[in-house]
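Chains as they are written, first to last, in the working numbering: chain A, 93 to 387; chain B, 51 to 360.
These are computed hints drawn from the structure, not numbers from a lab. Just to be clear, a hint being listed does not mean it is correct.
DSS-like cross-link-like pairs, simulated, lysine-lysine; straight-line CA separation at most 25 Å [stated by the list, open to error]: (1) Lys266(A) x Lys285(A); (2) Lys246(B) x Lys101(A); (3) Lys378(A) x Lys246(B).
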Amino acid sequence: MITNKKSFKIFVNVILSLLALFSVLPIFLVFMASITEEQTLILNGYSFVPQVFSLYAYKYILFSGNVILRAYLITISVTAIGTFVNLFLTTFLAYPLSKKDLKGRNIILFMVFFTMLFNGGLVSSYMMWTQIFHIRDTYFALLVPNLMMNAFNVIIMKNFFVNNIPESLLEAAKLDGATELQILNKVVFPLSKPIIATVGMMVGLAYWNDWQNGLYFLLMKTNLYGIQNVLNTMINNVQFLSTQAASQGGAAAGSLPSTGIRMAIAVIALAPVIIIYPFVQKAFVKGIVVGGVKG
Amino acid sequence: MSDMKKSKVKTKYAKSGPLLLIAAPGIIYLLINNYIPMFGIFLAFKKFSYKKGVWKSPWNGFDNFKFLFQTKDAFIMTRNTILYNLAFIVIGTILAITIAIFLNALGDSIRTKFFQSALLLPNLMSWVIIAYMVYAFLNSDSGFINNTILKALGKEDIAWYMEKKYWPFILIFVQMWKNAGYQSIIYLAAIAGIDKSVFEAASLDGASKLQQIFRITLPMLKPTVIILTLMAVGRIFFSDFGLFYQVPMNSGALYSTTQTIDTYVYRGLMELNDVGMSAAAGLFQSLLGFIIVVSANALVRKIDSDNALF
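So that you can see chain A by itself, here it is in the shape it has in the complex (with noise of 0.2 Å):
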């Protein structure tokens, strides 16, 4: 019995121990090839433990890629607005929402609903933000399709606000005479701060993981990229880079050790996710609680 319960305890920890292994080693194996010098990488190919050593991919990133240190800038901009906007958006719509006695909250909530059942579909989508608002290469194309508002987000914080906040305070509140924004401001606010944390990582790391608005909508503009889109273009185009550089009147164009650099832009586009990650951990995976079966 003993044993039994011994040897299974044993078993579970080889086992998980070697999926984590697992989920990790890719990280890793990037991570190496962003740190071997070029022509050990081009010779040997990519390896855990490389021959030789060389962090020339982050000093070129560092010193001569201002192509990359904007898209990275841009990124990082686009996910600070993006996340902002939404949450903005997400939670002025949920608490009209949670209110029972809102009139027209049925149609407004059913609409929220449908678009979770039915879309139009990318054709279609692309053509009105191409042809009748124009976004085509401007900044808005990689901030506002999309990723501005989920319809699942509006009702985990909607459900939230009805669960969460005790109707009695915001009575109170309105027979002090606030307004709805003071309420909202003042007493849901404070009192929804993790739930508010939750979406807004989730919402986050979607801007930021996101190349499909760039892929979609900046056609002619690559100077609009983001890293995501940076990454995606060059590893089909080894080149991308170089004709960037030159354009842009940077570095010798040409003469790109484009390996290890591609991997050193993939590590940098990375890093903030895994330096975040353990502070945020908690509230990620609530929210795939939250979210995971009502989904």
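Based on these hints, arrange chain B on the given structure of chain A.
Just chain B now, kept in the frame of chain A:
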């Protein structure tokens, strides 16, 4: 949705005006981002040309659909989309439950947290970066598999991005790598919800760990499995564009095993300039998707109305 346990102090009459004003920005975004495109599905019935634009392009009835279903593509992309989703559902569920049971067996320890963090990490990455990682393993000149593993085994190099027969396995593997940890969290939460005394009683009666898993944990997880599966079935005509576009590196040689409806729609629109066919495929997907999600939801509601979407 509507079960509110709190005692409700009836308000006289909420003034809805200010509240509706607060909701307006979100509603407007929804109308633009989600509703205008719904009406844009008429593009599937037009012979679209950029010159003439959305409004002036001539109608062509069901021609786009006729052409679409005459091609082999229609069958291939639908088959691929459905089969990949089925594989993800079956393998993903088994993997996620196994991980959840294992994590639960370790109890609430630092090691559990560590394992969970590691398993979740792939889910935080963009498909672009994942494609880089896959490329680091698979590229034919310097990839880890050709250069290290196959070399050590004394085998010939494989041109991974040219050989379509490997891709069902690769794509399923990558999808599992990215999502198993994420899914396991949902099951872990469900296991945590099981009454501990049941396990204690079983333990006292001499039930082994394995018996407890098969006799208690798995039966208790059944509702969660059914609901998550039905929800996944509801999305069976949709695929993760990132997985199928990024990971195979858009390699044409692989289309017959990597093309899904979503990648077809993208390629028709952006690469082949075949807007009509692309719109037809998109509408085909949206309609089938709508029908199946509504049916799946009806089933969920029958089984467990609390978890129904609507």
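**Report entry** Violated hints, by number in ascending order, as checked against the structure
**Finding:** Hint check: nothing fails, all pass.
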